[in-house]
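Fit the two chains together into the complex; they arrive one by one in their own frames, and the hints show the way.
These protein sequence lines map, in sequence, to chains S and V.
Per the working numbering, numbering of the first sequence is gapless, rising by one per residue and ending at 123.
Per the working numbering, numbering of the second sequence is gapless, rising by one per residue and ending at 243.
No false leads were mixed into what you were given.
Across the chosen pairs, the derived CB separations fall in these ranges:
no., chain 1, residue 1, chain 2, residue 2, range
1, V, LEU182, S, ARG120, 39 to 49 Å
2, V, GLY213, S, ASN63, 28 to 38 Å
3, S, PRO104, V, MET1, 42 to 52 Å
4, V, GLU208, S, ASN63, 29 to 39 Å
5, S, GLN44, V, ASP129, 55 to 65 Å
6, S, GLY121, V, ARG52, 33 to 43 Å
7, V, GLY57, S, ASP28, 18 to 28 Å
Counterexamples of contact, computed for chain V against chain S with all Cβ distances above 12 Å:
no., residue
8, LEU11
9, ARG12
10, ALA201
11, GLU211
Which chain V residues stay away from chain S? Per the calculated CB distances, all over 10 Å, these:
no., residue
12, ALA66
13, ALA95
14, ALA123
15, SER164
16, ALA179
17, GLN200
18, GLY203
These are calculated hints, taken from the structure and not from any lab test.
Each residue gets a CB set at the ideal place from its N, CA and C atoms; glycine is no exception.
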Amino acid sequence: MALRVLFVDDEEELVSTVTERLDLRGIDATGAVSGEEALILIEQKPFDVVVLDVRMPGLGGLNVIKRIKQSHPELEVILLSGHGAKEDVETGLRLGAFDYLQKPVDLENIIAILHRAAARGRA
Amino acid sequence: MTAAALNENRLREQDLLYFGRVLAGQCHELVNALNIAHELCGLHEDILPRAREGHTGAMEKLGSLARRIQTQVARCHAIVRVLSRFAHSVDEPRAACDAREILERAVFLAARQSRLRQAELQAVLPEGDVRFVDCNPFRLQQAIHAGIEQFLEGIPEGRHIGVSLTLDLAGALVTLESADLLPCKDVAAGRLAEVTALVQATGGEVRETPEGGGRLVFFIPHGRRDATSPASDTLAPGAGGGS
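Same shape as in the complex, but just chain V (with noise of 0.2 Å):
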């Protein structure tokens, strides 16, 4: 087996891996928002008796508790959108991509481990129209969740980390940066290497490590397009605002 082929099955063992670890956290958010929808709906009949024999205030509580489930369930769908998106990022190994709805994904999917870690994720991305990257869409975001990754791992506890995207006729350029950032321990070390190996497999480039100026940098061209893609007019020229 050649090297690159070797690569190329440590990348899908890892891809595996990543899918299998965002499908449990997600899953985990499921079930809180559902847990809480479960006791509301409890609660909502234990009032109910009350509002029957017409206890002050009993019905405006009802017509509240109803609110707070509609606030769950679409808490849920907002979850179920983003994992349909997600699993359907596999679909193709090239595909002409929303890059900013895959850094908007990549931070959504981060959101539970910047909880845990009391940290506060702040995407900041382009203004206007879609633009398309030509490049591995699933493996584009999982490039991005885990550089947040290893941002989180090298902050202290509830400090920022901003994600933003700049689009132009290249490509685009992902930053990661936290002023909080610590000397890079091992761990942190290992999923530079991680970045780093998904970066390359999507065709793109680690342009600024983290060492000393707490910004991790990378480029993901825009790649061959071919006469399906969406992307052969959408990137004009100076489009894509910035960060």
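If we strip away everything but chain S, and leave its shape as in the complex, we get (with noise of 0.2 Å):
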């Protein structure tokens, strides 16, 4: 089965972007533009991992993994930020993320750590 993900982002351009490319290599990817959409679509809809950026409008990063892992505790989280985001990082990963990833991020590091995440979420 195809590694489901959900890419949350409220850069729309990134989160279409890079959706589409995981797509292409064979990953069933969902974006969403913020955080109240993200929380709406894993009620919907089964997720592996959930990579999420950490600033964002309205419902910020670190309050959405918060209610993640108390509605879905299984489902990694990804954290993802920008440089200077430090503490939040810190934060967010007390609050029970996988691992963190800094902007400008390669595609092909987003997928070796969506996999590490899946597998550990899976164990």
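Below you can see the structure in the form of structure tokens.
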């Protein structure tokens, strides 16, 4: 079964491009452009891993990971952060994130970490 | 050390913090745009073999990707252009400034913070020729930006903030307003003190504070002119239009 990934970032163009590239590599990727949209999608569809931007308008990444870990503790979350968001990343890791990636991120790195996260989720 | 010297030192420390904060925020915006361009280039590479094999729609897709990459490059250019003007605004402690350009720049630099608060930030600028005001350009834009931050901290998410500029012979009148401003919180009060200190350092005065009315109004007088100032003949009576 293909890896099911939810990619969440408020930059719509990034979301559509990354999800398309992941799809081309056989990953079942879905995009969301806000934390609120991500939480709705998680209730509607099963995912193996969520890639989550830390800083977003509205419900930020840290609030989203808190809610995910309450409702779906088995779901692995990878944080996506810019430079200078070290404290947010540390908080996210304490809240249960599997790992983090710093922007700009190479797609092959994303894929490698997605597989590692999914393997832990299935273990 | 005199009180004035102490105050100037404090303002300089504040200047440096502001400079760093703006640079960090705009670097984040640049990284976002570059990250998108990087992924679009990657997708271009992914699609290229399909286009070579003659897959339907692949050539059109490549064309569309090229345009999307150009959009991100233009976004980067806009950021760099504003950052360059911002960096040069510290060149002169007092200069003949295009107040309209400074206000536009302050609004541009606050765009990311506004987006994170889901606020609509709208600049209303006077039409017509360029008008100059003699003042400290860096501190004027810092005062406007700090005022915007005060409003962003004082309104619920998703609301509107208007920033307008009126120019006349005496100087520039900057007005920030929002119908949704909540009663002054401690952090907003701190911001107001910051705005007031900056406006005073530019030789201006705060004429209205937001408590109750939801408006912050400050005035920057035209100040001194000298022979080299491009402002010497640009402020005609009644000039500036208004908000």
